[in-house]
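The hints should help you fit chain B onto chain A, whose structure is shown.
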Amino acid sequence: MLRRYPWCLLPWDQLALWAVTIGASMVEASPPPIVGQTLNLLLRGGPDIGANGLLRFYLLHVLAVPAILFVFLGVHYYKVVIHGFSLPPQKENIGEDTAKRVPLDKRVYYIPEILTSEIMWIAVTTFVLVVLSIWFFHAPLENHADSQVTPLGTTAPWYFLWIQGALKLGDKVFWGIIFPTLIIILLMVWPYVDTQVSRRYAHRRLAITIGCLFVSIMTILSYMGLSEYGVTTSADTEVLHDAVREPAYGYIGFIRPVPFDQLVPGMYSTEQIRIEREVNPADFQLDFAAFNTEIDENGQADGIIEQLQLQYLSMTDVAFRPVPSDAPELYRALEEYYELLESERQELRNGWGAIIITETQPNLVRVDAVVLWEEVLIERGRVALDENGNAIPRFYRVSEDGTPLTDETGKPIIVDAPEPLLDASGNPVLDESGQPRMLTIPVERVNSQYIYLHRNAEYFFLPGGG
Amino acid sequence: MGFFSRLLNGQMIFERMETRILVGIVMFVATMILIGWVAINEGARMAAFDRQFAARSIERGAAMFSTYCSTCHGNDGRGIGGKAPGLNNPALFGHDFIPEVNGPRNALIAERTTLENEANDGENPPTDERRAEIDARVNEINTQIADLEQQALPFISQAQDAMVRGYDPYRPSRLANVRWGSSVFNYVYSTLVHGRPVSSGYWPDPMPNWAQQSGGPLRDDQLRDITNFILNWNRDFTIEDLVSVQQFAVEPCDPLACGGGGVETVGNDVAAIMEQFPSVTGDPNRGQALYNNSALPARGTVLGCTGCHTGGLQAPDLAGTWTRVLNERLPALPEYASGEEYLVNSIVRPNDYIVPTYTAGLMPNNFGERLSLQDLADIVVYLMSQDQ
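Top line first, the protein sequences correspond to chains A and B.
As numbered in this note's numbering, residues 1 to 466 make up the first sequence, in order.
As numbered in this note's numbering, residues 1001 to 1388 make up the second sequence, in order.
Looking at chain B on its own, in the form it has when it is part of the complex:
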């Protein structure tokens, strides 16, 4: 009888019990052999899954980075001047371009600090003999440090642009500078979780808190995806990588101690600025340098105008600014007495008037606290030269 007729008749497929036992044993042994074979390859299989898992995590992180992070950190992760630091950045990963200088230099500085502490110890002052010894050694150290810094000069001359944007070749590791005691992963991840409150003096917007656990929008696994994506920028960095970073991290400090504190900034009272305006002469070359992040304003970080004012999609394009001011803005906006006033107003109070089709609130409104009168005049003169 065939298989189906046996089935329909409610009979056993294998009538003989011995056959059933044999089939059962064969199948069981075959199953065990198969599972054993799979087990032998399990290590490689899981390793492949791990690789895929990490890769797909980076893919998802990349998608979220472009949605949530790129508007401030740049889609290429190089940061936007004056807005947010670069993450595709040798400093984040602690890449040291001059280890042959920094290694001995740091050791010498540590030794000098110890000696100086010993010399200045009021409770247990050194003998005169010892003091002379210390002075001799400190002088020797200073000479050695100067020699080492001579060796660093070729690199420093190449890294000028990066240094304007906040890079310190002798302190190349962001994590070491803030004395972070854990991994880069945890540094990025915890920054994502909690965000970072900032002083409006050096960043226009704070880093938001992204984690759901701290009241933000993203789940833990999503934060890990973004972190994995950022860590995937780690590589053997070149000097080109370094100088293409648009903004380096800023270490909070007392403005008086860090310089620029004594500088008077223009504030955001347009009428008052316009009264003082005739007293300064603008330099279009310095204005251009300020505009392109290759010079620092009187106070704070680079301005980062080019972060948005390129191509005219996010913000009006640089080319033709002055033509548009004269031909389009002034006729439509009688409240501005002159083109200069319109430009000044647009820089220090950017949300007073938004050019149609652009979005309000994108441009930082803290330039009044970052620019001196001279800075402002330089930029305005540079913009007035854009009369294509």
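Here chain A stands alone, though its shape is the one from the complex:
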């Protein structure tokens, strides 16, 4: 692990930077603060990992760690020469130490037996690695390391995931420093604790059980280290991230692999999928037109224009159209978007998404993923539920003519239940269409992220990824 860890930074892409940052932050947690800060500064070569930190990690990788490894290897071979090998446990009488006393007829000689075996296995594993790297795994560099941009779902390298999982259990000094140190000490003293004479598996049930438990715990902790466990991000951010994320950890935003020719400039909405699936297909044209009219009237179209303006895209009107029939991959992306929003139905109440494609240059398009929803009550990062298990929508309080009311600090007043307008006798006042007039309107939210896609960028789904 010591050998692999400093290497981890050397590709100097986003994955490398953030994986190493997690490790370096754990070093910073070492008590007392003066020790942690000093170690952190020594390791990173500055408050943050930059060019100096990269140089340090390079030197750790090529000089310092190999030097330490050299010492350990020396000790290891010294011990091998001094103590020699034993026979396999089954061939040894219990309690008998066969090291250096293996009978002549049972000895296996290094030359030629072990040597041919080792060379054969080197050839076999090299072949397997070559096959895997040609056809099955692709290891592209991610974007250039950038300490200003933190990707969502950053994790430590896999062999440190167990520490990251442990960190989610509580105090970072205990779980990040003391706990791993205890594990390493435990591994070091274990030969002195487990002094069972027999080396046969049948006689070592307790030790093997403890070993299996240990592996299980490490596996569970490693799983807990993944971003899927115990990290809550608001659903809209998650959905947008899934739509446009850069290739990382075997995942890629589902919009990116759409072939360039199918990224036809225009505005597309997940409502298309909903209407197709839930409503009579014969009425599709009418329903889709009604949807366009509705968002013009309820202000969601203006909400999209304002949001895109914040993201440096000017547009004057919003008009969605169905995905062209010769763009099946774009349709696939829209379906995936729809299903993601469906899976977040509780947090993204009445949520729907839009994919807006605009041409920036003849071979470059800008893709904006937009999500619109009505806010619900969130407590401690989770959707608060009422007694029926439903999310609790939130509302702005408005005056009778529909203008939002504010409190004395100028913030809009938000309530958790709709309030109808009542007349003097306490009956709801109805409007022309017979609906009760409300003193509250839903808190409408909109969020978006954008990417640019070039004709030659050729993003693709990774095998086994999503």
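Please note that the accuracy of each hint is not assured.
[Said to hold, decoys possible] The following residues of chain A were derived to be distant from chain B, with all beta-carbon distances above 12 angstroms:
1) VAL35
2) GLY45
3) PRO47
4) ASN93
5) ILE114
6) ILE134
7) ILE183
8) LEU213
9) THR233
10) THR237
11) PHE260
12) GLN346
13) HIS454
[Claimed, not checked] Here chain B is said to cover these stretches of chain A; the calculated rule only asks that three of the stretch's residues, wherever they fall, bring their Cβ under 8 angstroms from a Cβ of chain B:
14) 308-317
15) 418-425
[What the hints assert, rightly or not] Take a look, some chain A residues computed to stay more than 12 angstroms from chain B by CB distance:
16) VAL81
17) TRP135
18) ILE305
19) GLU458
These are calculated hints, taken from the structure and not from any lab test.
Just so it is clear, CB atoms sit at the ideal spot from N, CA and C, and this is done for glycine as well.
Using the frame of chain A, we list chain B on its own:
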């Protein structure tokens, strides 16, 4: 015995040494064949990676352009009048729309300059005979140039809008005009690195220095990404591309020599301006032309009002300006004696009062140095016609 029981018993998987050697050799040969096969395709594979690398660089550059550059150069890269020049611009790439005119014309001008230098050489004056020869040739050249310029007229009539915004059809290459000796890439890249200090007389804000090496925020690779994105605008430009550029580059020059230097501008003393205001009559048509970048103010570059005052998101919309001044601003702001005064104040001292929900400091505050009294009166009259 099976594989795992052999493994557990600490035995070799292949008991016979010959088998091990055979397996090893087969695997080694197979590996070499695979690597050889990969090597044969390596050229194409690397070419594909190069294409992807360049494409993704452009994508990242586009994202940074929209964040850092679009507020001045426009999201479509066509520039914002009076604020910053267009980069999606034939002049940046040296696209010559009339090569059949410019080629011979430049050669003739070079020849004329040589002849004139010879004629004016005080140390080594030409003989009378030679002087007559030179004069004859210069006259001939001038006639030929006039003929060539006649040929250019159809193009020039199409390019009028671009010429108001600073385009010179006879000098179509920005890089040639500033005598840049290297590539477009290096021109854009070095401008990003160092920025460009400017005179407030012709640009309200300087081009910032973006590179970390010069004290800015961006890394070298990011600057290359932005440059790649800008270079990706290069194409076979059309006249439509040319006239849709909102602003062309401005070459620094002595204001007295370049014209407009003698013009008196209004300054930013609102009281003084209001005293002189009754002495001029505003022309709303010229005001509209000034507003829409199709006419030049008395001094400097186009004003570029439409760069921000569209749609009402970045800055208040043009439509209904006068209605809002009368119905909303004046009742709330008693310090302004009249709507005209409010408009004048807002143009020459834009940061005195910021309409709620808009951001201070966006509007250039150098209009007092760019407008004559007549310009200002024209614009104010035009704005007063916006009473929707």
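Output the numbers, in ascending order, of every earlier hint that fails for this structure.
5, 6, 11, 13, 15, 17, 18 and 19
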